[in-house]
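S.K.: Each protein sequence line maps, in turn, to chains A and B. Letter by letter, the first sequence follows residues 1 to 637 of my numbering. Letter by letter, the second sequence follows residues 1 to 330 of my numbering.
These aren't lab readings, by the way, just hints derived from the structure by calculation. One thing to keep in mind: the hints can contain errors.
Unchecked claim - Here chain B is said to cover these stretches of chain A; the calculated rule only asks that three of the stretch's residues, wherever they fall, bring their Cβ under 8 Å from a Cβ of chain B:
#1 252–265
#2 336–344
#3 351–357
#4 364–376
Backbone N, C-alpha and C fix where the C-beta goes; we use that ideal spot for every residue, glycine too.
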Amino acid sequence: MTTERRSSAATDVDLDDAELDRQLDRTWAGRTSFWGAIAAVDHKVIARRYIVTAFVFLILGGMLALAMRIQLAQPEARFINADRYNQIFTMHGSNMMFLFAVPVMEAMAVYLVPLMVGTRNIAFPRLNAFSYWVFLAGGILLWISFALDTAPDVGWFAYVPLSGPEYGSGKRADVWAQMITFTELSALAVAVEIVVTVLKQRAPGMSLDRIPLLVWSMLVMAFVVIMAMPAIMFESSTLIMDRLVGTQFYNPAEGGDVLLWQHLFWFFGHPEVYIIFLPAVGMVSTILPTFVQRPIFGYLPVVMALIATGVLAFGLWVHHMFVIGLPRLAESFFTASSMAIAIPAGVQIFCWLATLWAGRPIFKTPLLFVIGFIITFVIGGLTGVMVASVPFDAQVHDTYFVVAHFHYVLIGGAVFPLIAGIYYWFPKMTGRMMSERLGQWSFWLIFVGFNLTFFPMHILGLQGMPRRIYTYQPEMPWGGLNLFISLSAVILFSGFLVFFIDVARSWSAGRPAGQNPWNASTLEWAMNSPPPPYNFRRIPVVDARDPLWCGSDELPVASGLRTDRRELLISSVVEALPEARESSPRDSVWPFWAAIATSIMLIWSIFSPWAIVWGSIPIAITLIGWFWPKGIAEDES
Amino acid sequence: MKTAAISLPLLLLLSGCGGVQSALDAHGQTAILLKSLIIFVVATCFVVWIIVMLVLIWSLMRRRDGQAADDRSLHRRITIAVSGAVAATALIISGLTIASFYTTRGLDPARDPDMTIRVRAQQWWWQFIYEDADPAQSFHTANEIHIPVGKAVRVRLESSDVIHSFWVPSLAGKQDLIPGRENVLTLRAERPGVYRGQCAEFCGLQHSHMALFVIAEDEESYRQWASAQRKEGLQPREPEIVAGKALFMARQCAACHTIRGTEASGTTGPDLTHIGSRHTIAAGLLENTRGSLAAWIADPQTLKPGNNMPIVPLSADELRQISAYMDSLK
Numbered sequence: 001m002t003t004e005r006r007s008s009a010a011t012d013v014d015l016d017d018a019e020l021d022r023q024l025d026r027t028w029a030g031r032t033s034f035w036g037a038i039a040a041v042d043h044k045v046i047a048r049r050y051i052v053t054a055f056v057f058l059i060l061g062g063m064l065a066l067a068m069r070i071q072l073a074q075p076e077a078r079f080i081n082a083d084r085y086n087q088i089f090t091m092h093g094s095n096m097m098f099l100f101a102v103p104v105m106e107a108m109a110v111y112l113v114p115l116m117v118g119t120r121n122i123a124f125p126r127l128n129a130f131s132y133w134v135f136l137a138g139g140i141l142l143w144i145s146f147a148l149d150t151a152p153d154v155g156w157f158a159y160v161p162l163s164g165p166e167y168g169s170g171k172r173a174d175v176w177a178q179m180i181t182f183t184e185l186s187a188l189a190v191a192v193e194i195v196v197t198v199l200k201q202r203a204p205g206m207s208l209d210r211i212p213l214l215v216w217s218m219l220v221m222a223f224v225v226i227m228a229m230p231a232i233m234f235e236s237s238t239l240i241m242d243r244l245v246g247t248q249f250y251n252p253a254e255g256g257d258v259l260l261w262q263h264l265f266w267f268f269g270h271p272e273v274y275i276i277f278l279p280a281v282g283m284v285s286t287i288l289p290t291f292v293q294r295p296i297f298g299y300l301p302v303v304m305a306l307i308a309t310g311v312l313a314f315g316l317w318v319h320h321m322f323v324i325g326l327p328r329l330a331e332s333f334f335t336a337s338s339m340a341i342a343i344p345a346g347v348q349i350f351c352w353l354a355t356l357w358a359g360r361p362i363f364k365t366p367l368l369f370v371i372g373f374i375i376t377f378v379i380g381g382l383t384g385v386m387v388a389s390v391p392f393d394a395q396v397h398d399t400y401f402v403v404a405h406f407h408y409v410l411i412g413g414a415v416f417p418l419i420a421g422i423y424y425w426f427p428k429m430t431g432r433m434m435s436e437r438l439g440q441w442s443f444w445l446i447f448v449g450f451n452l453t454f455f456p457m458h459i460l461g462l463q464g465m466p467r468r469i470y471t472y473q474p475e476m477p478w479g480g481l482n483l484f485i486s487l488s489a490v491i492l493f494s495g496f497l498v499f500f501i502d503v504a505r506s507w508s509a510g511r512p513a514g515q516n517p518w519n520a521s522t523l524e525w526a527m528n529s530p531p532p533p534y535n536f537r538r539i540p541v542v543d544a545r546d547p548l549w550c551g552s553d554e555l556p557v558a559s560g561l562r563t564d565r566r567e568l569l570i571s572s573v574v575e576a577l578p579e580a581r582e583s584s585p586r587d588s589v590w591p592f593w594a595a596i597a598t599s600i601m602l603i604w605s606i607f608s609p610w611a612i613v614w615g616s617i618p619i620a621i622t623l624i625g626w627f628w629p630k631g632i633a634e635d636e637s
Numbered sequence: 001m002k003t004a005a006i007s008l009p010l011l012l013l014l015s016g017c018g019g020v021q022s023a024l025d026a027h028g029q030t031a032i033l034l035k036s037l038i039i040f041v042v043a044t045c046f047v048v049w050i051i052v053m054l055v056l057i058w059s060l061m062r063r064r065d066g067q068a069a070d071d072r073s074l075h076r077r078i079t080i081a082v083s084g085a086v087a088a089t090a091l092i093i094s095g096l097t098i099a100s101f102y103t104t105r106g107l108d109p110a111r112d113p114d115m116t117i118r119v120r121a122q123q124w125w126w127q128f129i130y131e132d133a134d135p136a137q138s139f140h141t142a143n144e145i146h147i148p149v150g151k152a153v154r155v156r157l158e159s160s161d162v163i164h165s166f167w168v169p170s171l172a173g174k175q176d177l178i179p180g181r182e183n184v185l186t187l188r189a190e191r192p193g194v195y196r197g198q199c200a201e202f203c204g205l206q207h208s209h210m211a212l213f214v215i216a217e218d219e220e221s222y223r224q225w226a227s228a229q230r231k232e233g234l235q236p237r238e239p240e241i242v243a244g245k246a247l248f249m250a251r252q253c254a255a256c257h258t259i260r261g262t263e264a265s266g267t268t269g270p271d272l273t274h275i276g277s278r279h280t281i282a283a284g285l286l287e288n289t290r291g292s293l294a295a296w297i298a299d300p301q302t303l304k305p306g307n308n309m310p311i312v313p314l315s316a317d318e319l320r321q322i323s324a325y326m327d328s329l330k
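The shape of chain B in the complex, shown without the other chains (with noise of 0.2 Å):
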């Protein structure tokens, strides 16, 4: 514990706002059996790739004076050997599919989960749902979670608009989120670490900025963390924050977007009670300075074009003002 305590910085330090990507750098129960899968499969195909070449190199470069003058008995041969090709196939596509089966079977949603997740997908950001069997514990965040390591955690997806796909290499192999459907996901990180996720399925002109952080920490950082997300948002002292508190309620941006604690309830956009505590903002695009805050506040649509978040006119100190307050956020 002591170790991942330490490391935890460390990798973020190293990541920035990169995070493992990858299917073969696995780091959950899931991904390890996939990435094992993926290794044997691929093994077994190159030398089968092998034989194939080296048998046409054989056929293409053969010396072939003194071709065998009984044809017949060549014909048999040659039957022989192409019967005993087709019975390899069959035999290695059937330990194929038998070691699929059994890789699948170990793949099945956990019964008991330790806690879950709801994820509502949307054009072109995450939306988390942290569900507790008293609604008062339950708290929303956005693009980012984060999970215990070792603990099987119950990710429910929703889409509430197209179809986008969840997906975490590292952690697990992807799963669509369907408008009308309910699919079910588990993920148990077995390291600490961040883990990058990003949408897999086409879902329009962001696509390609729809990603989602799953930090994983042991289970002391993740209590932590889970009572400050909790928590109301912080009431602020300075007087540039509490200037740009009243603008964020005066102006559009409490129509979209909730901070509890606050009468801002808009639910179109991303929960921003916790903003601050945020590696990234707008689905990974930017990391979460001060400064990449009031560049996305400005002007969305350059940064992301098409992103259903509104160019909000505002002079330099007002922006500067809702940055600081956002930034407060944590």
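So here's chain A without its partners, still in its complex pose (with noise of 0.2 Å):
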């Protein structure tokens, strides 16, 4: 009862603003000093390193692109050798796919998501620190080993018996193995960190019918998450078992399979393409409304279709095997699951209009990368509707068609969504306005460079142009059109060129955003730009789906947590009824020195098996001083 009369003296009961921001900036504040800074838990910190992190990733990804363009732009150039070019276009595909889109959807979700469910920081909020180094481990690994000429150079999808200890020379599969560990370690720890935001922290009132699309969208991309990774993971640690300790799991000659790697990296591989698709559509049904100024049409339908997507995920990982001898009836059911996934992607598309349709557009540059986003994007579906039918694939896999083809889904289906996010939440961010005019420029690049640049490939596909070829010989009939898709693709640089010039400028320079610049309905626009340390000076309580659309200027609050110690809400799973106060972590560096020594392990290990007995050890001692009770107000029950 001691403890009930100590904290009843601390709540924000009875506080005016001034007196409660500043006990509450005390409490959840991060230090400012260096290592204040790497003991962050902020999530609002971590999502930011985040995000910058990855699009720095973005841009080495985006020079590799040229770096192939350069060499396919005529036959038979001698820009880059063989050698690098099969590192170069591993490297591009690993960096984009694990280095970049998964980790920015999720820090998307890492930034946004606590805002949006309205509490005061992500669920594990040091876990969620360890995960950022881990990532950022994980990318320094992958470009120093391309630095030192010891890049993966097997494919991102490092097919056996290629990558296996028969053929994959040195130590190149090992990182490419090892990499994967990393990134795939912070992603599930991401992921289960928004599970449990989403599911036990919301507002009160904001019951599941309630909760904004984005939200939905990232919880669905988190059980993908949790469910496809550890296929891959297995499956890193095992082939640098057969590599570095001699296990036979793919080889067949000692009773191993090389297509159990193909279903296992595909049974991740394809759901992974929706881990990335999921947020952004989440996105795009975020930031549609808004520049409308009307609810989305078919709050219901968009969920169960992104619900749907989410199980239909892992049903169509075959289609990507089309060409290894199925039998027929195998063909046939991965053929019509692939098709059924354009139902979801249709409904949610004919939502979007039906949102359009009704409403009135306003013209600003996120809502034109969502438009942008929907012309390229019925594109990839549809070129993704004829890879699904295995005879059409039989043709066009693994060429240039299928080049197209991801790359119209991945960059027109998501990283269009990505930048109109960025020009939608960068004044939240960063409290500033991104520039209007430079983001109309970067639009008109992006989409004219990018469809110049990706169209031209289906042809080419279907001209027999194979993937992954670092040159090909001048009687073939492709020169033309290779030279025109690399001109092109200076122009889609160009438009991200401005798009980062527009975000330096922005940063420091921009007209400041106050707390809401597009009259958005959301929670995270219920504060100030950039956002406290702290979010929310009391817990919003939510009676509706768009409750900054409500008419009164102010939210209904809760109150009764205290001030003196990190603490917030914890709410039933259905209806968000409050349940319980829980205490929240405080800033710690113990996640970085845990992070330090996971990442000494994994990379010892590619060297000697024995990495793994004695780099267990620091991983221990990391792991105790994280965990040891420190006697502050957060560890009390």
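Join these two chains into a complex; the hints should help.
M.R.: Following this line, the structure appears as structure tokens:
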């Protein structure tokens, strides 16, 4: 009972706003020193680091793409040799998937989900900090290996036996495998945090049918991560075991199987596409209503479509393996399941079109990128329907047609919404608006450049140009289109350049944004920009799907949380009824040390199996340090 | 048949060492079937895209004065429109699934093929074995096969190292060659011609330079070619070629290559018994001339870095003699 009395002495009840802000700030703000930054566990700080790091990897991956386009601009060019080219396309794919697309989408979730559900920090904030450091180490590992000319050269899919002990020379495939382990570890950690945050930390009253669509999409994405990633972690671990200690998982001569690799890889690899795509459509469903100033049409069908996509994602991996010689029945089954994914995609597209039709579009940059998304994503979706057909795929599989298809889906379907999202949430994250003029320029350059670059690849594929070739012979009729593509890529790059210039300029010199510059409806716009460390002065109470569009200026709020320790509100899964007050961990440097120890073990294990034994000792020490009770307020039960 | 006999050299002339390699330039039974499916599916999808784009433009551009006051009836109308569109989507993809299914049924491997060729893909070339009930009639070749027009040819696909993919787009769709497994593909050329193919599954350093050629010709020409291939390598008479042969046997060459009728019986590299009769060397890398043979033998690692043929130090005379010998093996 003493706890009860003490806590009631330091709650937010009966404090005026200024005093409450002061007390909350004292409790929640991190230290500004170097070690304070290392120790930070604020979801916004971690997410900002994640996003910036992921965009750095986007720029690096883009440079690789440019190098490949220079090499392919003419037949038998000698700009890059075969060995380097194979490293470059492997790096490009691995980097874009594992170091850019998935992390950046999860980072947007780390930033936005706690704000949108109305809580003060993400669940397991120290795990969140740990995940960032692990991700960073994985990225650095991959890029250092590239600088040392030992980057993986077996494709981002690293098919055995090419990546196995017999044909994958040196340490290249091992670097790939451990980079996978790093990034999957961090992705899984973030996914768990998102699931718990969404299900248990929502503001009172935010029942399941009032969750913002972005949060729904992030929740489904997190579940897909949790179910898909173990497949590839198993796979990268067994590969390194085959290579390091002579297990024979993938050696047909010893009873292993090379197709097992492909099944495991695509059981992860196809859901991976939806891990990237689901957050993107969540962004579209959030941004689009704001720019027509009207709630989304068909909230329920859109949620159902998100869930259906997440479930179906696990039923169509075999369409990446249509030419391995499948039984006919399996071919028909996976053709049908792959086609079926068009239905949830269609549901969402039609709901967006209906929302646009019913509202009054305001043509700002975020909406332009959303419209660009609809145009290109429909193309990508339709070519997806094409490659879902086994006989169609027999001709275009592993050709530039597929390269075109997945760039339409990944750039048109995910990067366009992401850029829309950056333009949209940049004011919230930095407190400053991005330039509308540069925004329009970057949109048109990216949109036109993208289509001119990738559309002709469909034709190249049908004309017989395979993927992953470092050159082609002059007598093949592909030279003209390849040159055209390489020139168009320059337009695409200049569009991204304008975007990055805009980000850099606006960060320091953008127009102040205020709380809610777009007159949006979701909770993240109910606080100052950028948000204070504690997010909400008082936890909002939600009684509608679009809480900021309900007429009144003031949100109803709940009070009773302590101000002398980090505390947040736990609510029930379905109705979001308040259940308990829960302490939220303080800043700590231990996640950083734990990540360092984990990195040492993983990198060392590229060279020696003993790393697993000796390397686990520092990990154990750092984890003990991490969880050791420190006798602070947050340690009270 | 006669036109075919005339048109074949013409085709060879026109295509150089290019050959046709395009899913849209279909000359095989399977490829023609696939092409019509591709056209049907692409056309359907194009129409769908146009409709969606028209709706998008309409949604963005429509005049909005006098917005319907009755929000409920508006909502009902939109609901009907969206439901209709979803139903149409389901119908269209069902149609495409059925079309795909029936096309697949037409692709079943021929039950009693006219002939069988075994393919063993290796980093980075194709070994072909013409099988025959009588083992003496069976023979090997590399990177180039001849088939009779209009006959169903069963291709048995195997790999001796990593995964490759056999793809001659003008004749048929691709099929992987997987170590430890065997796949089967049926080729049936409807017209004579030279059809180029290429490995379609990333298989390592020289994946880009792993081409093959299928030469479809009338039955008579095919028979002549096959019986020529069954013969042993020619015994040279010219002194230069005799010297070349002696060198071939004395240096490393014979350890990796077979020339039937000689002591050379290595199996690591391509069978060279009739290398002079092929149109290209090094899996489509170079047109087969005496000059390019010499260039290849002198420095295979510059022309195709990383391939498994070592540089054998030869003097200029030796190089000339060996390439003359190769060239003579018609």
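S.K.: Now look at each hint and say whether the structure bears it out.
M.R.: Structure-based check of each hint:
Only residues whose beta carbon comes within less than 8 Å of a beta carbon in chain B count, and the stretch 252–265 of chain A has 5; three or more means the coverage holds. Counting residues of the stretch 336–344 of chain A whose C-beta sits closer than 8 Å to any C-beta of chain B gives 5, which meets the bar of three, so the coverage hint holds. Coverage of the stretch 351–357 of chain A by chain B holds [criterion: at least 3 residues with CB-CB distance below 8 Å; count 5]. Closer than 8 Å: that is the beta-carbon criterion, and the stretch 364–376 of chain A has 3 residues meeting it against chain B, so the requirement of 3 holds.
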